[in-house]
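**Q** Sequence:
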Amino acid sequence: WALASLRRISQAAADAPGDLMVLTPDPDRLEDADERLVIRDPQMIEAIEAVCEDLDRRPSPARGALRMTLWGGGALAAAAAALFWLAPMAAERMAPLIPAEQERALGEAARDQAVRVMFPRGARRCDAPEGVAALNAMVARLSSAANLHVPINAAVYRSDQVNAFAAPGGYVLVLSALLEQASGPDEVAAVLAHELGHVALRHQLRDMLRGAGSTALIGMMF
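Going by the working numbering, 41 is the number at position 10 of the sequence shown; the sequence numbering is gapless.
There may be inaccurate statements among the hints.
Claimed, not checked - Pair ranges (Cβ atoms, derived):
1. 65 with 93: 41 to 51 Å
2. 232 with 160: 27 to 37 Å
3. 192 with 232: 20 to 30 Å
4. 133 with 249: 19 to 29 Å
These aren't lab readings, by the way, just hints derived from the structure by calculation. Note that beta-carbon positions come from the ideal geometry of N, C-alpha and C, so glycine has one too.
Let the hints inform the model, and build the full structure from the sequences given.
**A** Shown next as structure tokens:
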């Protein structure tokens, strides 16, 4: 043990140095140190007290605060790197590896959840044969040029919102207000093409994987 690192543990020994001395080489832990040396030889105690001037000095509170700050800053930096770099990178790598069947299962669950959230009183799906046939024909024309890895399952729901969105696995939901306010089929086709682009590039699947990874990382940190 280095003489400069020695600290006296027993406070009573400081009052009766010729009786007993308990030492540790870890000045930062003191009372809960793993290593201790008990000395009862008065001559050895006197010799150690003569050459070790810092036997009874305690760690500086500022040093402990600095250490905690450094550890805390390092932990926050690691957490930020994991959330904003590791999770997105893992999602980008994993998304193309998920089989189409599993992607469709995830997409079906996401679609059903979105419908429940958007229509808490019950969804009204537009199922008139002429409208369904027109929508399917448009989707078929767009899909033939998109080189999709999954078939498209498109549906229209009655809503006052002008919107459309896609879920993983080829599920596309169109809200009726968008059709009513569109100036013609070309505008509807442009919106559908945009949503099919999300399906082709697996954007929603990547978002789900990124969210799941971030949640897992946050849970691990806590």
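**Q** Now look at each hint and say whether the structure bears it out.
**A** Here's how the hints hold up against the structure:
{"no.": "1", "hint": "65 with 93: 41 to 51 Å", "verdict": "25 Å, violated"}
{"no.": "2", "hint": "232 with 160: 27 to 37 Å", "verdict": "32 Å, holds"}
{"no.": "3", "hint": "192 with 232: 20 to 30 Å", "verdict": "24 Å, holds"}
{"no.": "4", "hint": "133 with 249: 19 to 29 Å", "verdict": "24 Å, holds"}
Of the numbered hints listed earlier, the single one contradicted by the structure is hint 1.
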